[in-house]
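In case you want the letters, here they are:
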Amino acid sequence: MEDLKIGVYVCNCGTNIAKVVDCDATIESASRLPGVAIARPYKYMCSNPGQEMIVADIREHGLNRVVVAACSPRMHEPTFRKALQQAGVNPYFLEMANIREQCSWVHEDGAVATEKAKALVKAAVLRVARHEPLERRSVDMCPDLLVIGGGIAGMTAALDLADAGSKIYLVERADHLGGNLARVDLTAPYLDSARDMLTDRMTRVVEHPNISLLLNSEVERLEGFVGNFQATIATKARNGNAADQVATVDVGSVVVCTGYKEFDASRITHYGYGKLPNVITSFEFEKMLREGGVETKEGKAPQYVAIIHCVGSRNLEFHAYCSRVCCMTALKYAHEVKSAVPGAYVSDIYIDMHAFGKGHEDFYRRSSEVKTLFLMYAKDDYPVIRRADAKDDCEMLIEVNESLSGETIEIPADMVILMVGMEARDDWADVAHLVNISGDKDGWFIESHPKLDPVATTTDGIYIAGACQAPKDIPDSVAQARAAAARILGRIAKGKLEIDAVFAEVDEDKCSGCRMCNELCPYTAIEFDAEKKRSHIISALCKACGACVAACPSGAIAARHFTDAQIFAQIEGVLA
Amino acid sequence: MTFEPKIVGFLCNWCSYTGADLAGTSRIHYAANVRIIRVMCSARIDPTFVLKALHDGADGVLICGCHPGDCHYSEGNYKMMRRYPLLKALLADYGIEKDRVRLEWVSASEGQRFADIVNDMTERVRALGPSSIKTALATDMAER
Amino acid sequence: MADKKLQIAIYWGAACGGCDVSILDTNEFILDVDALCDVRLWPLAADGKYKDVEAMADGELDVTIMHGAVRNSENEHMAKLLRQKSKIFVAYGSCAYMGGIPGLANLVPREEIFARAYLDNPSIEPGNRTVPLSETTVNGHDLEIPKFYDRVYKLDQVVDVDYYVPGCPPQPDQCKAAILALVGALTGTAEAPPKGAVVGAFDRALCDDCQRTKTEKKIKRFYRPWQIMQDPDTCLMEQGILCAGSATRSGCGVRCPNSGIPCRGCYGPAPNVLDQGAKLLSAVSSIIDSKDPQEIDQILEGLPDFTSFANRYGVPASLLQRSHRQ
Amino acid sequence: MAIRANPKLIEELETYGAQDVSKCYHCGNCSATCPFSQDPYILPRRSMRSLQMGLERKLEGDLEPWLCYYCGECSQECPRDAEPGETMMSLRRWLTSRYDFTGISKLFYRSWRIELAAILLVAMLTGLGFFLFGLSQGNIHHYDGVNAFLPGEKIHFFDWGLAIVLLVLLLTNCARMWWFTIGRDKSKRVPLTAYIKSAYLLPMHFMTQMRYAKCERKRPWVIHLILMLSYVTMLILIMFFVKRMAAGPAIDWRVHAFGLAATVGLLGTTIFAVRGRIKKTENHYKHSHETDWMFLILLIVVAGTGILQFILHRSGLDMAANITYVVHLMSVVPMLGLEVPFSKWSHLAYRPLAMYFAEIKAEAARAEARASQGVRAPQAA
Amino acid sequence: MRIGVYLCQAGIGDVDAVNLHSIASYAANLPSVEVVRDLGLLPKVEPDAFAAEIRAESLDRLVIAGDTPGFFKPAFTRAMALAGEDPKEVRLASFNAFGASSGNGTARAKSVLACAALGVPFPLAAVPDTTAVRPGTLIVGGGISGIQAALEIADAGKQVHLVERTGTIGGHMAMFDKTFPTLDCAACILTPKMVSVGQHEMIDLMTYSEVAHISGSPGDYTIKVRKKARRVDVSACVACNVCADVCPQRVTSEFDNGIAERKAAYIPFPQAVPNAYLIDAESCTYVQSDGAKCGVCAKKCPKECIDLDQADEIVELEVGNIILATGYDVYDATKIERYNYGTLPNVLTALEFERLTNASGPTGGKIITKTKRVSKKRGEEWVFDVDEGVPPKSVAIIHCVGSRDANHNAYCSRVCCMYSLKFAHLVTEKLPGAKCYEFYIDMRAFGKGYEEFANRIKAEGTFVIRGRTAKVFAQDGQMMIRGEDIISDRLVDFPVDMVLLSVGLIPAHGSADLATMLGLATDDDGWFSELDYNASPTETERGGVFVAGACQAPKDIPDTVAQAAAVAAGVLKSIATGRGLNSRADLALSDIERRATSLVRI
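Residue numbers (my numbering), protein chains in the order written: chain R, 97 to 672; chain X, 13 to 156; chain A, 2 to 327; chain V, 15 to 395; chain W, 21 to 622.
Worth flagging that the hints you see were computed from the coordinates, not collected in a lab.
Here a beta-carbon is modelled for each residue, glycine too, at the ideal position from N, C-alpha and C.
It is possible that part of the hints are untrue.
Some chain W residues judged to face chain R by a derived CB distance under 7 angstroms, without partners named [unchecked claim]:
# : residue
1 : 432
2 : 450
3 : 454
Listed next, the in silico BS3-like pairs over lysine-lysine satisfying Cα-Cα at most 27 angstroms (straight line) [claimed, not checked]:
#  : chain 1 : residue 1 : chain 2 : residue 2
4  : R       : 115       : W       : 355
5  : X       : 146       : A       : 219
6  : W       : 108       : V       : 294
7  : R       : 487       : V       : 72
8  : W       : 213       : R       : 467
9  : W       : 323       : R       : 139
10 : R       : 139       : W       : 319
11 : W       : 491       : V       : 232
12 : R       : 590       : W       : 213
13 : W       : 320       : R       : 139
14 : R       : 475       : W       : 478
15 : W       : 491       : R       : 393
16 : R       : 383       : W       : 108
17 : R       : 383       : R       : 396
18 : W       : 213       : R       : 115
Based on the sequences and whatever the hints tell you, model everything.
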C-alpha cells in the first residue's frame, strides 16, 4: 500500500465557522496528525475555487485521502466526492468533519468549540486513513416483467410496461381476466359501466404483442433477485387428459396484484345469511343488477330493501380494518334499487359513512335526496335480522340499535344486501412466501414504506399493487399499479441496475452459518446457502443499514464505508 | 475548573443526525461535550462501540436513532431498542453508572430535543465525574 | 532431527489443573512428546523448584506452556521468569488466554471476594475472622505469601505471549495439533505460525461445526436448558436456550451442544472480534421477536445472568476488563 | 322493545311541506345552534330523526315542534340544506292535523284545493246568509252597522255561537294534544300539583310570547307579538264592544283608538309577512306552504275590509260600506271557523300549551327524582 | 339488431354543454337505431312499462345516453330481462364521464353515443394519434407529489424541470410534525427526498418561480417560467443567517402559518431546499423604497451574494410532458363566523397547530395557548410565548370545517378525520392531564391502518363525540364550545382552552390560471379533472399533461405518493418510446366513429 497522504481542509464558511472555531488552530493540530500531508483553510470550501484547490493539491502533492471540515456531509458530501473523482481519486477517500451545524453554530464558547472541532477533524483523519476504495457496480436489469393477477391492477401495470416495450407475462389463475371487477355492473360514484372499462383493458391486453397472457396459470417458483428473476409458471391443461404446461421465464421485476376475496357473510350469524333466502351479499346483488333480476327469491319486486354496511369489517370479531369501498357501493345500491324497483324503500344501515373521494360526498347527498333511510349502528353492535310475522307487510324485520336516535328500531325488509368486506386471499401466505415478501396480521402485503414507497416491498424488484396491499377502490388501484409500472420503467430506462457502493458483505471465510442475521434484514437481502452453510448478502438488495453487521456474532459481516475499524478509529479520534 | 465530560454520540443518519443538523441550522446552542459519529442506522451500533468508547476514555455514550416506527430502514431502531436493556445490564454488572450510557429517539425535526438531550446528558455525566475506566485500566497494568 | 531434545516447561497460574489433565489426555502421544522433549518443569508431573528455573539461562527453554490466569504475585513472577527463560511462550487454555473462570472474579472487588471467602462464608467457624495477609509475622518470623491482586489478568496483560491455545480445557486433539505445530516450527520442519496466533482452534465460529439444524431466528422467550424438552436436532438458540456458539471460535468439537448443553464460549471470540460478550449480546438481543419495550424487558428476564454468561471465560479479555464500581 | 320504523311517513310529511328532511345527515349543528335547544328538548335534530324513520307515535307525543319559533338559524347553518326549520314547521302542521279529530285539518293541509273550496264555501254561505237576511230586513243604502243585516243581539248570538263551537273544537284538540304528549305515556305519572303549579305559564306565554324573544334576532318576535296583540285586541273589541265599534258616524276614540291601532298592527304585520314571503327576506319566509298564503290573504282581507268599511262609513258612502262589510264578514267567518280550529291559527293555543306541558313534564320528572332518591333529574350538561 | 336510444339526464353534469336535440337527431340516423326518445331530467322509468315498449319495438339493444345515465340503468336492465332480451345489451353513453362537459360537448356526446350503439367501449375507440415527445418534463409544484414525481423520472435518467412557487420545495408536508397513522416524523421522510431533489443532476430545480405561459402541443410544449427575483444567489448562499440577523423588517411567517414571524430576508425553514435565503420584496425596505433606504443585508452578506436590485427573469423551457402537482390551500376559517376564528386567540387552524406542535416549530413543539402582548407599535396582540404560554387543559378538535357543508365546500376533504385524530394523539401524548375532544360527523378512517389508529386514539382517552360543534364563543373571558353529542343524546356546552379547526382543502390559488393556460377542465370545486375517474386517474384530456396529488382532489400522503409515482409511468412510457398521445380533446367525431366501427367485432 502506498503511503498515506491526507489533505485536510478546514472551511471558514465566511465567518460561520471561523467566528467561533479557531480554524488556524484546528489546522495546526490537524497537520501534526499521522499521514497528514497538507492542512489548509479556505473561506468557502464548497465554492468552485475551494473545490479546485482540492483538485490542484491532489494533482500536485499526490494526496490520496481528503478530509474536509466544513458543514454537514448531508449538504456537500456529494460536492466534494465529485471533486475527488475529478482529480482521479476514489470518491470514497473523502471524509467530512461537521464543524458547522454540529459545532460552530451550536456552541458559543470559541475555545470549547475549537477543541471539539480538533477532535472531529482528528476522528475524520484517523477514519479516512482506513477508508477503502469503493466502486459503484451495476447488474443487468431484465426489462421483462411478471404480473401475478389479471384484475384491474394487474392489467394496468401490464399495459403500461408493454406499451413501453417490455415483454410481460401476465399470469391469471382463473380462465378469464378482470378479477373481482368483472362481477361488478356499475362503478361508484359516477355509475360508469365496469364492463366497458374492463372490455377496454382486456381487449388491449389480449391484442398487445408484448403481453403473453397465461390464463389458468399459477407461478410455482420464483428464484433470483431484482433484475434477474426466473419464474416457473404452470398452466393447467385445457382438457383433463393433457399434461399441465410448465415454463420458466426470465423477468426483471414482479408485480403482485392478487387482489382480495370477499368476506364470508355466513360467519356473522346475526344476519342469517344462508338461512334467510333474501339475505344476499353485495356480489349476489351485483349479479342481479347485471342480469336485470332485482327481485326476491320468490320472484317479487322487493318493496323494502335494507343494506347493511361493514359486514366483516370494522369489528373486533373479524376484521378491525375498514374495507374502503363498501360505503360507496352501498350508496350505489341505494340508487340502483330505486331505479330497478321504483317505489321501493331503501334503508341503509351503516357505522360511519366513508364517502371520502372525489365526487363521493355528492353521491352520498344524492342518496339522501332520493329518501334513502340511513340508520347508524355502533361497531360490534350488529343489527339482527329475523323473519317477519304473517301480519307484517314485509318478509323480514331488522332490529337496529340506532345511534342517531338512541332508539331500538325495527326496519321492514324484503331483501337485505350485506356489504361484505374485503379479505386477504386464503393463499396470501403462499404468495408472500413465493415472492419473498411479508403480509401484515390481516394478510395484506406490506409495502416498503407506507409513505415513502407504497408500491415497492422490502424485497427489491417485487412490487405490490391494488387490493392485495390493502382494500382499495378502482382509481387507487389503478394509480398504484401505474406507480409500480413507473418504478420499473425508471429502472429499465437505465438498462442496468446501479448498486450503491456502500453495502454489507459477508466474509465467507468467517461466516459460521449460524443464521443469526438472516431474519434481521428488512430487505431480505441475506440469503442462506444451505449447501455451503454460509449466509450471503445480495448486494443489489442491501440498503446498507448495518443491522446485520452489528449483530453478526463472529464479525463475519462488514459494512462497506462503515467498517468496525473505521468507526473504532473515529472513536479514538473524537476522544483524543 | 469544572469538569468537561467527553461524550461520544452515535447518531443515525436519517433522523438523529439530521435532527442535530437542524439544531445547528436553527442555531440552538448546547453543550459541546458530545462528539458525534454518524452511522447509517442505529441498528449499526454494535455494543462493542459503546464499550470501546468507554474503554478509550469516554465519560459517556449517547445513542440516538429514529423514533420507533420511523426508521428509514423500517425496523433498524428496534434492533437497537432490544440491545439497549441488555447492554445496560451488562454495563451495570461492570459497575458503570447508568447515566453514562443513554439511548434516545430523536427525529429529524427535533433539533431542540437533541440540544436538550445533549445538555441534560452533559449535566448528568458531569455530576458523575470523570470516568475512571481508562485510568483504572492503565493503573492496573502499571502497578499491581 | 536435531540431537538435542527440546527443552520445555509446563507451568500454571491461577488454574484448576484441568489443562494439565488435557495434556495428559493426549494419551500415548505424551510419550512421543517425552521422546522429543526434556520436560524441565511440570509441577503436576515432576518435581521442580523455583531456583531451578531461576538458574536457567535466558532462552534456555524452547517452549513454556503456561496455563491459568494471573491472580497473584507468584503467578506474575513465574510468568515473567519463564518468559525470560523461554524462546516461545504459549498461553494455554482459556484462563491464560482470556482470564477464564478465575477472571469472572473481576466483576467483584477483591474485598468482596475476601469477605465471601473468609468472613461471610457459612462454612467458616463462628468468630474466626482470619483473612490472609501477604505479609505477616508469626512467632517472630516474617512470613510472606504471594500478594492477591485486585483483579485477574490474562497472561498477555502481564507478559508477552507468542501463541495462544484456547479451550477450557483445550481438547486433546487440539493440544496435540498445537504441540505438533510448535515442534514443527522449532525443528524447522514446518512454518512457524505468526506471532500472536491462536493455534489449536479454527477461524470460524462453533456453529460451523455444529450439526444442529439452523433456520432463521426469532426469540419470544429464553429458557434454561432444564426448562424445556430439547429438540436434539434444532439449534439451541432457536429453542430459546442461550448458546454462545455463534460468538465462539470453533475447535472444541462441539462437545457441549452435542450433549445438549449450550456453548459457554470457552474457545474465545472469533478472530477480529474485540469483545466476545458484546458480540453475543448484540446478536442475541437483535433476534428478540418484539417491538415493544416492555415485552422486550420481559423476554430479557429470561437472561438474568447474561454478563457472566457471555463473559464467562473472558472478563479480563473484555474491553472493560473488570468492574469499575466506585 | 323495538319501535317499528315507517319509511312511508316521510312521504306523507312532504305534503305538509317537509321536502328536504331526508337530506339530513345528523351532524348536530342545528341542535346546538338552536337557542331553544336544551335538555331534554333538543331541537330540531331529534324531530328530524324521528321523522326520517317514521316514528309516528313518538312524533305525535313530541312537544319539540311547538318549542321551535322558526328563527331559521338552523336552516341557515345546515350543511346539507335539509331545512330543519321548515321541517319543524311541517311537523307543526302535521301535529295540528293529528290533534284535530275531525280530520278536516288533515284535508286542508294535504290539499290546498279543498281548503280553498271550504273557505270559499263558508264565505259564500256567509255572504248568502247576510244577503238573504239583508234582502228581507235591511237597507243596503243605509249603513247601520251591526243592525244592517241582523239585529245587533242576534249577531252577537251568532258571534258567541261561533265562539263556542270554536272553543269546543279547540278544547277537544287541546285535550288530544294532552293525551298524545302526556296522558298516553302511562309510565310517567304526573301529579296534579304539577298542573296547578305551572298553570301561570299558559297566560304568560300566551300574552308575552317571551320564549320567542329568546331568538337571536328579535324582529320576528316583535312582528309576531304585534300581530298577536292586534288580533287579540280586535277579538276583544268585537266580542265585547262591537256595538260601539260599528256605531257612527262619530268616532268613539276610546274604542277606535284601539281598533285603529290593532288594524295598523294587523295590516302592517301581514303585509310585512306577504312581502317577506314573496321576497323570502327571513329564514322562516323562505318556504311557504299553501296554507300560509291562505292564512295571510284571509287576514289581510279581514283587516283590509274591516278598515275599509270603517272609512267608507265615516265618509258617508254607506252602500259601499255595507258591501264591504259583507265581504268583511265573508272572510271573518271562514277565518275563525276554519283557520282557528283546523289550520295555522290553532297554534295560538298549542304553543302556550306546549310550554305548559313541557314544564309539567319537567316538574313530574323532578318529583319522580325526588321520590326515588339517588336518581338525579335530567339536567342540562 | 334493433337499437333504442333513450336520453336521460341525472342533472350532475353541465346540462347546457350539449345540445340534446341535435344529439337525438344524430342518434336517429345511426345504423340500426329504431327508437330515440328524450326522457328528460330524472325520468321515472317503470321497468314493466318499458318492457312492453321493448317488446313492441322488438329492441335487442338499449343505449341510455345522457349525463350519468347509469342512475337509470337498473330499470332498463330489468326491463330488458322482463322483455326476454339479453340484459347485457343495455349500453351506457355517459356524456360527462367522457368529457362532454366543455367546448365541443355536443360532438363528444355524439361520439360517446355512437360507441355505445356499436357496443364499443368509448376509451377503446377514442384513442388519439401519437406524436413525438421531447425528453424533458415540467413539474409544477414542489410538494411531496412534485418531489416524488420528479425523483421517479429523474432516477430513470430523464430531465425534469421542477417549478415551485415558494422559496423552497417541501410543500405542506414540510410543515407537518407527524404523519398519520404511523406517527412517523414528516421531516424524517421528506427531508431526505428534498435533499435528493436538490442534489439530483437530472433535476433542474426552479424555486421562487412560476409558470407564466404555456404554448405548444402535446409532446412539444414551450414553457415560460418567471423566476422571481430571489435577490440571493442560491449557488453562493451558505445559509449563514447574517442577512436575516441584520434585516430590520419583521413579517409573519408563511411557513409557520402566521404563528411566528420571519424577516424580510429569510429562509422558509432551516431544512429548506435549496438551502438558501431569499428577500421578500413585499416587505423589504430597500425594494419598497426603490433603493433609497436600508440595503443592510447586501452590505453585511459575507458572501456578497445578495443583489437587491435583481429583477424577475423569464426562462424558456421546452418539454414533452407537464405534470401538475400544485396541491392545495386550506379553507379560510374566517368565513365560518360561528367558530370565531380570528377573533378568539386560541382558535387555531390545523396548519397553525401543525406548526405549534412541530418540534422544529416556533415553540419547539410545546403545545401552549397564546399570551396577550401589548406593545406601543403594534397595540394588543396574541402570540405564542414559550416562556409565558401555558398548556391548554382542554382542547377541542372540530372536524369538517368548511367541508361537507353546502354553505362552504360540499365535498369531503378526505384527510381531516385522520389528521384530527393525530392531533388528539399529540395532545394527549404531550399534555397527559389535558382533556381532548373530537367533534366529528363520520369518522372516515378508511386507509390501511387507519381504523386501527382511530381505535387507538379512543383508547388513549380522547373523547370522540359524534356531532359537529355549532359554535365557539367567549363567555366571561373563557372560551366555550357548544355542540350536540348525538350518541349520548345530549347537548354539550363546556369551556375549552384551545380549539383546533380541521379546515378542509381547496385548490391551490393560481391553479385556475394554470387550467386556463392549458385548456384543462376543472370540476365544480376547482380541482383538475382527470381523463377518466376510474381508468385514467392521472391523465387529462390534454395529451402530455398529467395531474398528481391533491390538485386532482384531496388526498392523503400515501395516496399522493402513489399517484405521483403513477404519473411518472405515463411520462416515462412516452419518453421511452419517444411517442406520446395527442389530446383526446382534439379528437373529431368522425375519427372516433371510424375507429369504433372498425372495433365492432369485439
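Hint check:
| no. | hint | result |
| --- | --- | --- |
| 1 | 432 | holds (4 angstroms) |
| 2 | 450 | violated (22 angstroms) |
| 3 | 454 | violated (26 angstroms) |
| 4 | R:115 - W:355 | violated (50 angstroms) |
| 5 | X:146 - A:219 | violated (37 angstroms) |
| 6 | W:108 - V:294 | violated (49 angstroms) |
| 7 | R:487 - V:72 | holds (22 angstroms) |
| 8 | W:213 - R:467 | violated (49 angstroms) |
| 9 | W:323 - R:139 | holds (9 angstroms) |
| 10 | R:139 - W:319 | holds (18 angstroms) |
| 11 | W:491 - V:232 | holds (20 angstroms) |
| 12 | R:590 - W:213 | holds (20 angstroms) |
| 13 | W:320 - R:139 | holds (16 angstroms) |
| 14 | R:475 - W:478 | holds (13 angstroms) |
| 15 | W:491 - R:393 | violated (51 angstroms) |
| 16 | R:383 - W:108 | holds (11 angstroms) |
| 17 | R:383 - R:396 | holds (17 angstroms) |
| 18 | W:213 - R:115 | violated (32 angstroms) |
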